[in-house]
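Novice: Protein sequences, first through last, are from chains P and R.
Residues in the first sequence are numbered from 307 upward in steps of one, following this note's numbering.
Residues in the second sequence are numbered from 385 upward in steps of one, following this note's numbering.
Among the hints, a few may not be true.
To give an idea of the interface, some chain R residues facing chain P are shown, with a C-beta separation under 10 Å as derived from the structure [stated by the list, open to error]:
id	residue
1	Lys-453
2	Tyr-457
3	Tyr-458
4	Ile-459
5	Gln-461
6	Asn-531
7	Gly-619
8	Glu-625
9	Cys-628
If you're looking for bench data, these hints aren't it; they were derived computationally from the structure.
In this text, a Cβ means the ideal position worked out from N, Cα and C, and glycines have one as well.
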Amino acid sequence: MWLSQFFIHPWMAAGGLALISIPIIIHLLNRMRYRTVRFAAMEFLLQSEQQNRRRLLFEQLLLLLLRILIVLAIVALFARLLLDPSQLALLEKPETHHLVVLDDSGSMRDRWGDTTAFDEALETLKRLASDLASQGGNHSLTLLQTSQPDRSATSLTRRRIDLSLVGELEDKLETMQQECGYGLATWTEVFPAIQRQLAVDKNAFQIVHVLSDFRASEWGNSPTLKADLEALKDEQTIVNLVPTVPARHNNLAVTKFTGTLHTAAVKVPLQLTVDISNYGEAVVENVPVRVLIDDEPIPQSISIPQINAGESVQETFEVSIASAGEHVISVQISPDAIAADNTRYLTIDIPERQRILIADGSEQTREADYVADALAADPQITGFEAIVIRPDSIRDQDLSTYAAVYLLNIDRLAPDVLKSLEDYVAAGGGIAWFMGDRVDSSFYNDLASRESEEETEENPTDKSAEETSTNQAESLFPISIAASPVNLLRADDTNPGADLELNDNPIFEILNAADGLLALFVNIYQHVPLAEGFEIPKSVKVIGRLRDQSPLFLESRFGEGRVFISLTSAGPVNNTDENRWHNWPFDMNAPGFTVFHLELAKSIANRMRTREPKLVNEPINIVIDPAVSYPEVRFNPPAEGGLSPTSITATVPKSTEKSPKETPDGEAQKLVAEYVDTKLPGVYRIVTEDLARESTTTLTAFNVPVSESEVEITTPEEFRRELAGVEGIIVQDFGSLEGLARDDPGRELRLLLLLILVLLFAGEQWLAYRLGFHSRDTVSSRGFTSRMPSGRQFVPGDQRSSSPAAKGVAS
Amino acid sequence: MIQDSKRYLPPEAVSRISRLEVQARGVVEGFLSGLHRSPYFGQSIEFVQHREYVMGDDIRRIDWKVWSKTDKYYIKQFEEETNLRTSILVDVSESMTYGSGEFTKLDYACLIASALSYMLLRQQDSVGLTTFDDTIRDQLPFRSKKNHLNDIISTLVMSEPGSKKTGIFQILKRTAEQRVRRGLVVLISDLFSDREELFKGLKLLRLRGHDVMLFHVLDPQEVNFEFNGTTKFEGLEEAGELICDPRGLRADYLAAVEAFLSDVRRFCAGHVIDYKTVITTENVDAVLAHYLKHRVGMRK
């Protein structure tokens, strides 16, 4: 019914409209019902009528109109008129802009009962919109999601809040329930985005509604929270904080899942480490951990006996993968409040063997044999395959297929070999230098001289800086060595003591075991000392020293790769006992040679070939060489997310578009396919095709950010304490949406109607008085008085001069 | 004709006559007894001069006091004994039949005429009566006998107001022509006629040397116009009709009435005509007082 838009009781309004006829009928009846008077002084009456005809007609009609309006006002009052001020420009109030900031980070997936924090937020948004729509008024809504602070949903930007929007929201929010992200809410980016939205219309009254779980890790501990919120609100803006989680829930999360993936090989035990954190408030016992390889659970059962509240427990275990190629390893714990953080994924492209290239400069390559035996005596067990070559043959090798390169007792390297080694290490490879009797110090010192002089000018004696240095070296061999080896002086031959002082480094784990007991049995007889006066640059870290404090083992970073330097030999160099450089690996009492080299290989092995898991919302960039592959790349998101596969054609990256000259001549321009829709955690399968239409599938794992698992929330009371004294910020309790009625325009116009009614009555009375006759005097039966128009008493002219006789008569 | 009508007077008319006579007597007697000294007694026996007796003179008029001193017969000569001749003109047109209260204007006019006649006859003045609308309806000659009052009252009572307009000029002109001897002309009317003709007629009377008294009879409603509610006004004397809410017209109506009264009042003052507005709710005393005041003024 049309009237129901405007009246609470439309039937009363409909009936009331008929009442308009009452004053009209009365008016007409008055015109028809008259009494007849035979009158003598018609001359004057007609004269007066002639003068007043128009005015009388106008006043009569005005009076009729006023009476009709009075009836209408009374009807409107009883039928309870509702007016939408937005439809009346005069009553229209300034726009109130509601900027709803919807937290769609991973923690909003916090589930309890049948609902989640995100569902609650959507419900609150719906309630807000429907409340405002039913109130009427000039309200508009903008929805901003924290996952995309700079991209407000186009359909919900400054949309007028009315019933049609509420209906639209019903449908839209139903689909949005599936859209809660897994990523981080980067409030440092969200606040400026809010500011930008607010700045669009500074004159409007604006309310920023923040619908979030307000986790303590982001809000409670934020040093800038108060300032950020205060920066938002001003005279025209208030901030409304609406929590969507009633209380903290227990949550266990897999916070870390790593392993020695870079040295993994088929059927070789792969060591994996999982961290389980308890973010709840209670101790959790007997936490079962499921490990799945390619979605198949491993037979081994893992259980963590106890995790205290707020603590993490690390569990290490080994798995063995039976076949080469791409594999997915995932670890799961039991479902709880936040389901997404109960699983973490790893992907691995596992080779049959990890190949280690060993280049030996000596004639017999005996040292290489020792090292090869240490690394790959039984490749089934170690997973390494050692290839021993002469240094000059390095140029014939595709270094990228090797996990690490050992350079043993090499006098010097050809420049092209050196260049390929540098490229290999810069791209992530690892090399280990071992000295020997053939070493040509001039070559090495030439290499060392490439290290920038600035580095040496730094304070080299600062041991702590030296120890913690992570600076990039600029040379593959960043230290200068003396021209010839020296013997380590022994104070007492019968009791040589410990020759090595080793840092706490995984490489030396076996030697440092049992308080360094095994290291006691390792004797270093010869080594190449540093050049006299050479200061170790900051980019080089000394990880093992001799007992005279001269450095023996050093490591540094070059590009993405690692460089290990041993200033003593890898093997015996000579068989003669006198010329041995150390008692490894002959002395039965000096163990650990094999373990040392295995650990060293693991330490320096190329990590770039493994794919570290990414965090959700990070883009996947696939580089395509058009000379090898077709530019079409197919991205298959995790099957459980319901997303369909997407094909993307790789294009020239924007950065190189601008400077194409940087591309070396003759080399094909690399193309990049970027896939950004990685909001789901899980494994994404990326399929590329080479020019022979052979497809290759690579796997990339996406995990949820650890911080989203921290479910401790900032309670409204804590907020209020924190924001005490700050005006214009409303902190709601869970489930409430109060204090926003500031802009209630009073849609039911009772007061206004009453006022109008009073004015109409006053107008009607005034007009009726003006048209009507209100006698103030009574006509006496003796003599007469009359009120003249001017208000003067009418006195017959001949009585104006009163005579004595007349006075007598009057008495 | 008058005699015939008297002979066949209907009982209601007789009742009205006697009531009017009683009212007139009551008014006049009551009025005169309230005066300390009547200025009209002895008017006709005032001494003027002595004259020597000649044969034929009434010996009752010989002044014996002079004879005793001079031994000659002188008679006293007094002022003329013949009293004032007063013509009373009463408007009996249709407009005079309007009355919102106890009396119509005609009733009131008749009462005024009766009371004046009684008072005049009582002091031996002769009174003539004329009733008129657009013509003369009835006319009584001048007489000073006391029983003349009966004729006057009968004529007034029997006067039937017609539906004719007031043709005042013709009446005044005719009166002026018929009344050769100068006297007092008393006009009792609501003056709802042509204003120019009225003024012309009055002017004519004054030119003939008549004293003129004008009693302007009005109804209170005509002066105050206190009608309420939608009313259809039907004009008397074919003055048209009007349906209106009288409250809205009142102000301008009163202004028009006041303008009319001012006009008449100004004219009368300019032509030494004694003018008196009388409202039908007023006591007739006032009219008589006004008349006596006028008479004193005439003598002096």
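Novice: Closer than 10 Å between Cβ atoms is the bar; does Cys-628 of chain R clear it against chain P? Give me holds or violated.
Specialist: Holds - the Cβ of Cys-628 of chain R comes within 10 Å of chain P, reaching about 6 Å at its closest.
Novice: When the nearest CB of chain P is found for Gln-461 of chain R, is that gap smaller than 10 Å?
Specialist: The hint is violated - Gln-461 of chain R has no Cβ within 10 Å of chain P, the shortest such distance being about 33 Å.
Novice: Using Cβ atoms only, decide whether Tyr-457 of chain R comes closer than 10 Å to chain P, and label the hint accordingly.
Specialist: violated, 44 Å
Novice: Under the criterion of a CB-CB separation shorter than 10 Å, is Asn-531 of chain R in contact with chain P as hinted?
Specialist: violated, 29 Å
Novice: For the hint on Ile-459 of chain R, does the least C-beta distance to chain P fall short of 10 Å?
Specialist: Violated, about 38 Å.
Novice: Given Tyr-458 of chain R was flagged as interface, is its beta-carbon under 10 Å from a beta-carbon of chain P?
Specialist: Violated. Min distance 40 Å.
Novice: Should the hint that Gly-619 of chain R touches chain P count as held when the rule is a Cβ pair under 10 Å?
Specialist: The hint holds - Gly-619 of chain R has a Cβ within 10 Å of chain P, the shortest such distance being about 4 Å.
Novice: Checking hints one by one. Is Lys-453 of chain R an interface residue toward chain P, by the C-beta closer than 10 Å rule?
Specialist: violated, 43 Å
Novice: Can Glu-625 of chain R be said to touch chain P, with a Cβ gap under 10 Å?
Specialist: holds, 8 Å
The structure shown violates the earlier hints numbered 1, 2, 3, 4, 5, 6.
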